[in-house]
Structure formats: structure tokens, C-alpha cells
Amino acid sequence: MKIDREPVDDEIPTSSMADIAFLLIIYFMVTTTFAATRGLDFALPEEDDSPPVIEKEDSVLIEIQASGELVVDQNPMPLSEVLTYLQPKLEVNPKKPVIIRPDPQSPYRHMVLVLDELRQAPEKGFKEEIRISIPTQREIESFWY
Amino acid sequence: MKLPESRTAAGTIPTASMADIAFLLIIFFMLTITFEVDKTQVVLPKTSIRVEIPKKAAYVALDEAGRIKVSSGEELSASVAGHEDVFSFAVGVIATDPNKEFVLKADENVAYRDVDQIIDALKRAKVRIIYLLSNERTVDDIAG
Chain B
1 MKIDREPVDD EIPTSSMADI AFLLIIYFMV TTTFAATRGL DFALPEEDDS
51 PPVIEKEDSV LIEIQASGEL VVDQNPMPLS EVLTYLQPKL EVNPKKPVII
101 RPDPQSPYRH MVLVLDELRQ APEKGFKEEI RISIPTQREI ESFWY
Chain U
1 MKLPESRTAA GTIPTASMAD IAFLLIIFFM LTITFEVDKT QVVLPKTSIR
51 VEIPKKAAYV ALDEAGRIKV SSGEELSASV AGHEDVFSFA VGVIATDPNK
101 EFVLKADENV AYRDVDQIID ALKRAKVRII YLLSNERTVD DIAG
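In order, the protein sequence lines correspond to chains B and U. Using the numbering used here, the first residue of the first sequence is number 1, and each one after it goes up by one. Using the numbering used here, the first residue of the second sequence is number 1, and each one after it goes up by one.
Derived by calculation from the structure, the hints in this document are not laboratory data. Watch out, some of these pointers could steer you wrong.
Said to hold, decoys possible - Taking lysine-lysine pairs in the DSSO-like style, the calculated list, with each CA pair at most 30 angstroms apart, reads:
1. U:K46 / U:K56
2. U:K46 / B:K96
3. B:K124 / B:K95
4. B:K89 / U:K69
5. B:K95 / U:K126
6. U:K126 / U:K55
7. U:K69 / U:K100
8. B:K95 / U:K100
9. U:K56 / B:K124
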């Protein structure tokens, strides 16, 4: 007795594979975030219980007011003129430290802007990098003027 | 005269390779995705000078509200109460690796007082170098 049987399809249907693949792509494209992976490097000096006293005449003091305005050696000055002011002083003494003292109420970005500007000194005609010091409030109260 | 039958042009686009292309794209995204140890949402300051931050650097994140999160670079960041906790955390990290780099991810609008306390804590913990995380400063930012 001949029994007719329908042949069983032995293939896996793959027509929806492309749809699933594109859904996965869309998921990764939506969830991928571009992380910031670069920044301004800032070497911290070693803690010194008795750091050398730096006289006012031996350094340049950049004060950042709470409003973000700069006062350089007690002269108000826009950020764009700071390097121009520093150039003749550092030509005489390239190792002269530049001290940045932000007001505690000033926004953080102003300190970063000033630090970034000073770090660009070698690209703007200075022979070497500026020695930058950013004392903390604790250090100012303990050791500095 | 019997003219040969004109072949009708196929009206379908072959899509057999679409799945291959899709899987290649998936593999690309899976390989390039990086997992951040800190997901604190901050507005970063902008700088012209930007150097590549080492992988596995420790993170200290400070948002505009003053909340602090820390991570040694190996796990997701965890909240801490204040700068003294940052000091304890940094001491622990430096004890295992004295040359460990630290990244300060702070919102640009946070008061410098808060940043100053964190930098002071890192200094006291004998951290040697920190990276101030930033975005790129464009020509428009400089002009404005």
C-alpha cells in the first residue's frame, strides 16, 4: 500500500534574520554614547611640609574673580592679553612661576580656561612651558600670602 | 518575421547580502563600544590642549549640584559623601599603584571651592597627575 507523505521542509526559515539584525543595529546606534576621553593634564607637586616661600616679586599672580574676570599682578586684564603680558617677564626669567588663584565662588571653567591659555605658551612664541602653580585654599592659608 | 522575444528586465533588487552587511555592522559596533565607568551627566569645560587619558585611570566625578562619585577605573563609580571620602579613596588607590592617574570629571559651572577641595584631597593622598576632563574648544568658542 503506497502512502503518500508530504515531504518535510528541512530548512530553517531565515527571512526574518535581516530584520533582527537591523533591530540590533538600531539598538546599538541608539545606545552608543561618545565619551570624552581627553583632557588637560595637570601634574600635582609633591606635598611639602615646608615649601619654599616665593616672594611676590618672583612670581606672577593671576587672580580669577567670582565673576570670572582676571586680575594679573593687581591689574584687570582680559584672558587674551595674559600671554602678551607674560612674554617679556618670562624672557628675562623663564622659570618664573605663574600662580593661579581662583576665587572659591568662581565657576570651575574659568580656572580651566586660564590653565589652557597658559599651557598654549610654547605654541605662541614662548621658549618653554610656563611653570604654573595652582595652590589649594589650604596651602594658601598655611603657606602663601 | 518572428522577432525574438525581448527579455523582461528583472524588477527586484537582490537582497541576499543584506543580512551579511547587517551582521558586519553589528560586529563593528560591538567591537568599538566602550563602557564608561562613570555616567555622571556633566557639562565639561572646553580646552584647546587635550591629551589622551590613559585607560583604567581612576575617576572622580563632580556634578553641578556638588555630588561626588569615584571609581578606581575597574568598576562603576559609586557616590561618596564629601572630599574626605575622596581622600580615603585616593589613598587606597595609590597604595596599590603609586603611579595611578586620576581623572577629574567636573561640571564647568560648579563652584571652584568644591573642585579645590577635591584637588587638595588628591594632593594629600600623593596623587602625581590628574587629568581635567574636557571637550574640544572650537573656533566658535574662542571667537565667542
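Evaluation of the provided hints:
1. The straight-line distance between the Cα atoms of K46 (chain U) and K56 (chain U) is roughly 23 angstroms, inside the 30 angstroms bound, and the hint therefore holds.
2. This hinted pair checks out: K46 (chain U) and K96 (chain B) have alpha carbons roughly 27 angstroms apart, not beyond 30 angstroms.
3. Of the pairs offered as hints, the one joining K124 (chain B) and K95 (chain B) holds, with about 17 angstroms between alpha carbons and a cut-off of 30 angstroms not exceeded.
4. Using a Cα cut-off of 30 angstroms, the hinted pair K89 (chain B) and K69 (chain U) is violated, with the two alpha carbons roughly 41 angstroms apart.
5. For the proposed pair K95 (chain B) and K126 (chain U), the alpha carbon gap of about 24 angstroms is at most 30 angstroms, so the pair holds.
6. Of the pairs offered as hints, the one joining K126 (chain U) and K55 (chain U) holds, with about 20 angstroms between alpha carbons and a cut-off of 30 angstroms not exceeded.
7. Under the criterion of a C-alpha separation no larger than 30 angstroms, the hint pairing K69 (chain U) with K100 (chain U) is consistent with the structure, at around 17 angstroms.
8. Between K95 (chain B) and K100 (chain U) the alpha-carbon distance is near 28 angstroms, which keeps this suggested pair within the 30 angstroms criterion.
9. Between K56 (chain U) and K124 (chain B) the alpha-carbon distance is near 33 angstroms, which puts this suggested pair outside the 30 angstroms criterion.
Violated hints, listed in ascending order, are 4 and 9; each of the other numbered hints is respected by the structure.
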